Each structure stands twice: as C-alpha cells, then as structure tokens.
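Q: If you want the building blocks of each chain, they are given just below.
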Amino acid sequence: ETGVTQSPTHLIKTRGQQVTLRCSSQSGHNTVSWYQQALGQGPQFIFQYYREEENGRGNFPPRFSGLQFPNYSSELNVNALELDDSALYLCASSLPGLQETQYFGPGTRLLVL
Amino acid sequence: GENVEQHPSTLSVQEGDSAVIKCTYSDSASNYFPWYKQELGKGPQLIIDIRSNVGEKKDQRIAVTLNKTAKHFSLHITETQPEDSAVYFCAASITSGTYKYIFGTGTRLKVLA
Chain A
1 ETGVTQSPTH LIKTRGQQVT LRCSSQSGHN TVSWYQQALG QGPQFIFQYY REEENGRGNF
61 PPRFSGLQFP NYSSELNVNA LELDDSALYL CASSLPGLQE TQYFGPGTRL LVL
Chain B
1 GENVEQHPST LSVQEGDSAV IKCTYSDSAS NYFPWYKQEL GKGPQLIIDI RSNVGEKKDQ
61 RIAVTLNKTA KHFSLHITET QPEDSAVYFC AASITSGTYK YIFGTGTRLK VLA
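If you read the protein sequences in the order shown, they are chains A and B. Using my numbering, you'd call the opening residue of the first sequence number 1 and step up by one each time. Using my numbering, you'd call the opening residue of the second sequence number 1 and step up by one each time.
Since the hints were made in silico from the structure, they are not lab data. As the structure is a prediction and not an experimental result, all values here were calculated from the model. A couple of the hints might just be wrong.
One-sided and incomplete, this derived list gives chain A residues near chain B with beta-carbon spacing under 7 Å [what the hints assert, rightly or not]:
1) Gly42
2) Ser86
3) Leu90
Ideal Cβ placement from N, Cα and C applies to all residues, glycine included.
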C-alpha cells in the first residue's frame, strides 16, 4: 500500500452531470498528479499540482479541472460528463525533491451512462 | 508527439521461466523510466525504476536495462511465480518542469503453474 487514498471507489453518473473525485496524498508528498486510465489502456496524464498551483496539463479539455489544498490533498472535477469519460481515475503523489517518482492510489472507477 | 511503445501486449510463461517486456520511447529528453505492476482492481504499484545515467538496475528477481542510444528499455523478471501475474506498464518521464509520465499500453503477464 502506498498511503495514497482516493474516494469514492466507484460511482455512476449520467451524461451531462458533474463529478468531483478526491485524493489524499501520502504524508509529506506535495506534488499530486491525476491520470485517466481507459479500459485496457495505459494511464493518460491529465494534470499535476505542486504547492496548490497547476504544474502542467495533458491533452484534456477545460471541463477537466482540479484543486490542491494546503494539506496537499487534491480534487479532480469533470463537468458536462461524456460517455467517453468512463474510466479509472488515478492520482499519484510525490515527495519534494523526488517528484519523478510517483506513488499511485487505488483509483476511482467512473461509469457515465 | 511523445509516445511509448510496449511489447508484447500479452505474455504467458511457465512458472520458473523468465519474462521480458520491451519498451521504446520517442522523446530523447526522457531521463527517468519507471515500471509499474497493476493487479486487477488496484492502482499501479512501482516495482523498479532507472535513470538515464545508469544502464542496468537489479532488485532481486527484477531487472531493468536501458539503451539510451536506441531509446529502448526492458523489464526482466527471472524465476517467475504465479503471483507475478498482472499487467505491467512502462513509462518515460523528464525530471524537470512537469513530471508527467508517458505510459506504454501495458503487457498482461500470465505465469502458468
């Protein structure tokens, strides 16, 4: 176990709705990255937060947004859900000075109907 | 754009045999290469990593080799056991700016008892 926790574990939404996913990073880790993993695929980078600021973004539309809080926990928000947003959403945290090594949580499985 | 190719997509070996998974990356600036093991219903677990200033790294039954000139890196698992059965992902990253991973598409390893 990495110490990275995510909630909820599963959820079901309908197209057009909004969803918020949560991540608690491992103690002392100040960098959080979010990835989307479609079934049978490798994770795709969504964005990264460092000290509460966005520190890079992948090829995802603006309806994917995030936050990082002073305790380094993080949220991923997705507006106007589409069927293709159905996936496993993973967050990963990293230590200061060792940001390249990322430790993943168990993920949140999102199903959009 | 940035890309990581991973082969094979599936691999079956007899218990006790060796398994080799190969990856090729496109961005010559990549300098950090982690490998993750993902079991069903779980998040990716870091099993070994290598930096570009090293050609080979070993940890018990697991080893990784890196050929920077050819932009290839490989995972070697010796004396495979049934509990090694999982999906394995390689990734490439640049250790500056945004520490995002570009993942391969995964290899499903089955170790037959």
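Q: It remains to establish, for every hint, whether it holds in the given structure.
A: Consistency of the hints with the structure:
no. : hint  : verdict
1   : Gly42 : holds, 3 Å
2   : Ser86 : violated, 16 Å
3   : Leu90 : holds, 6 Å
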